[in-house]
Amino acid sequence: MTTQEIKVYRDLMGANEEWAAKTRDLLAEKDIYMLNLIGSPGAGKTALLEGLGAQLGEKVRFAVLEGDVETTNDAVRIAKLGVPVSQLLSGGSCHLEAKMVHHALLDMDLDALDMVVVENVGNMVCPAEFDIGEHIKIAVLSIPEGDDKPQKYPLLFHESNAAILTKVDLLPHIPFDIEACKGHIKKINAQIPIFEVCALKGDGLAELIAWLSDRAGA
Amino acid sequence: MHEFSICSLLIKALDHEYDAIQPPPTGLKSVTVMVGELHQIVPDYLLGAFTALTADTRYEGAELKLEFTAITGSCSACEWQGTIQPPLFVCPSCDQVGVDLITGKELFLQSLEVKT
Ligand SMILES: Nc1nc2c(ncn2[C@@H]2O[C@H](COP(=O)(O)OP(=O)(O)O)[C@@H](O)[C@H]2O)c(=O)[nH]1
Ligand SMILES: [Mg+2]
Ligand SMILES: [Zn+2]
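So the protein sequences, as listed, match chains H and B. Take the first sequence: its position 153, counted from the start at 1, is 153 in the numbering used here, and no numbers get skipped. Numbers in the numbering used here are just positions in the second sequence, counted from 1, shifted up by 1000.
If we strip away everything but chain B, and leave its shape as in the complex, we get (with noise of 0.2 Å):
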């Protein structure tokens, strides 16, 4: 359910910026997202939903093509900046909990290959 909303959201982000190319392209190649890997997302999930979502529309047969990011961080406490593993928030080198993150939220549309 939850990489079905994600999938929405990328149709209509992919709407937009299709509709504004010019001139108009004549179908759509593949689309590259960025997914930062604090969404959870099953990969198969999303590229299920995402040919469930675009059959029948101009998109079809279009590849979905998924550029997932790192949870990273920097602890407020010490010097420390890296990769967290779970336990998620919690600083690797002094233990403290309260890790600020740098990457790992990204949700966006990168690029799109259309067809001219």
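Isolated chain H (complex conformation) (with noise of 0.2 Å):
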């Protein structure tokens, strides 16, 4: 037996960006504005969309495209609030890839909405790894899961152009220091805006609510 090495170099991401970069020529066709919301399993994403939903609804003309492994359970919350809605099932998978959103946008009435937001797979890795033709990443961290998340999950809080902290109602019941959290995220990524919300009661919503329609030019 002979062998043969044969150098290639092939970016394992070549694929899935391709199809990103068919998103964002679309998006820009339509004039929409796409966010990532990226975040652990519990964050409370779906939460704070349902807390924004009304409120922001008044500003820009949004739609959800909802990423779980499984169930549909998270797509029945958002219908509730009649915002148009799509659910991503990936099937065991850890995060959107871009072909599928791509898909689920072209599904969609594209020329009734200013900005779509993308709930991504619950998990603080993968998702921050695989562009969908988004023009920005959200990290989404909730205060029980601790104050160190941004120190062991850099490329999300490098990567996103903003980050929530949600839950911010349970500070007083768990030991977690705001400050020193606010200040690992700005060792990693210095500009971004950090929005601090009970999506339950409405705390700091509007503040969001603000700076995503100015994002959208609304």
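Keep in mind that the hints were calculated from the coordinates and are not lab data. Worth double-checking, as some hints may not be accurate.
As the list claims (entries may be wrong) - Pulled from the structure, derived: some chain B residues nowhere near chain H, Cβ distances all over 12 Å:
1) Thr1026
2) Asp1044
3) Gly1048
4) Thr1072
5) Gln1081
6) Thr1083
7) Gly1098
8) Ile1102
9) Glu1106
What the hints assert, rightly or not - Straight-line Cα separation of at most 30 Å, DSS-like style, residue types lysine-lysine; simulated pairs:
10) Lys1105/B x Lys182/H
11) Lys1012/B x Lys7/H
12) Lys7/H x Lys30/H
13) Lys1012/B x Lys22/H
14) Lys1105/B x Lys22/H
15) Lys1115/B x Lys1012/B
16) Lys1105/B x Lys99/H
17) Lys99/H x Lys1012/B
18) Lys1029/B x Lys1105/B
Ideal Cβ placement from N, Cα and C applies to all residues, glycine included.
Dock chain one against chain two, each of which comes alone in its own frame, and use the hints as you go.
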């Protein structure tokens, strides 16, 4: 048996990048701003979207793409708000891929939208690596997860254009040093705004809505 | 789970290259992948995923070789350039946050060794 060495230099993300680029073209053509929300399972991403729902809807026409490993529960929650929503099931995969997102977008009435919010599959590692053609990534971190998470998942905070600290109503009950946490984020990404919200009571949502609608050009 | 996704991307890329080889090889001896350390890959998990995903395929028994690239960057405020240690994005020379990455995000299929 003889062996032959073949040099290649193929980017493993190449195919995903091509779909992401198609999505960017589509979004540019339709003048739609797309957000990619990334955080652990249970960080409160869906609750945040429920909280934003009505008030954000007054400023921008938005739709939601719900990424989950299984079940359509989250899409059902969003549909109750009267917001257009599509459920993407990753079928065991820990992140959404650009191709799935692209096809989901093609199924939506894009002419009726200014913004699409993607709730990625709950995970702080993989979704940060897979470009889905979004304009910005937003890191979502909840108080119960601990103030050191930005240090443990630096790539997510580095790639994000904003960070949202959720469940701030739990601060009195959990040892979480919010200033230290913000400091960790600033040491990874000095410029990004950090929002502190309680989706259940609505605290902090007005600032976030103002920032989002400003970014979307509304 | 992370390593599994990366491994399935690897196999897709591998299929692409392997099918293009003329004359068709009789098997795969090894495959080398360059992995930037920013991906936080656990080597044993990736090797395990590769064994699992190639079992009963034409790649069965092939060796996966990993070449890690360190996280390096340069500072936008001073002249510093080098390997970045945690905290990852702070310049060790001037303390400024905003180090630009040079390497560390690679995820490349680098070479294959095929049996002919
Ligand atoms: N105390 C508190 N609980 C919250 C808040 N937001 C979400 N939760 C709870 O956290 C759990 C997970 O929320 P969910 O939105 O499904 O998380 P997701 O997996 O990130 O979409 C649910 O039980 C929510 O009721 C909040 O602001 N405060
Ligand atoms: Mg959810
Ligand atoms: Zn410097």
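Is lysine 1105/B within 30 Å of lysine 99/H, Cα to Cα? holds (21 Å)
Is the straight-line distance between the alpha-carbon of lysine 1012/B and that of lysine 22/H 30 Å or less? The hint holds at about 20 Å.
Non-interface label on aspartate 1044/B, tested against every C-beta of chain H at 12 Å: At about 17 Å from chain H, aspartate 1044/B clears the 12 Å cut-off, so the statement holds.
Proposed proximity, lysine 22/H with lysine 1105/B (alpha carbon, max 30 Å): Measuring from Cα to Cα gives roughly 22 Å; hence the hint holds.
Could you let me know if the closest chain H CB is still more than 12 Å away from the CB of threonine 1072/B? Threonine 1072/B clear of chain H: closest Cβ-Cβ about 15 Å, beyond 12 Å.
Given hint lysine 182/H paired with lysine 1105/B - CA-CA distance at most 30 Å: holds (25 Å)
Is the nearest CB of chain H more than 12 Å from the CB of glycine 1048/B? Per Cβ check, glycine 1048/B is outside 12 Å of chain H; nearest 16 Å; holds.
Within 30 Å, alpha carbon to alpha carbon, are lysine 1115/B and lysine 1012/B? Holds, because 19 Å separates the two Cα atoms, which is no more than 30 Å.
Hinted pair, alpha-carbon criterion (30 Å max): lysine 99/H, lysine 1012/B. Please report holds or violated. holds (15 Å)
Glycine 1098/B clear of chain H by more than 12 Å, beta carbon to beta carbon? The assertion about glycine 1098/B is violated, with a minimum of 6 Å to chain H.
Could you grab the alpha-carbon distance between lysine 1029/B and lysine 1105/B and see if it respects the 30 Å cut-off? holds (26 Å)
Given the hint that lysine 1012/B pairs with lysine 7/H, does the C-alpha gap stay at or below 30 Å? Roughly 17 Å separates the two Cα atoms, so the pair holds.
In this structure, the earlier hints numbered 1, 7, 9 and 12 are contradicted, and the remaining ones agree with it.
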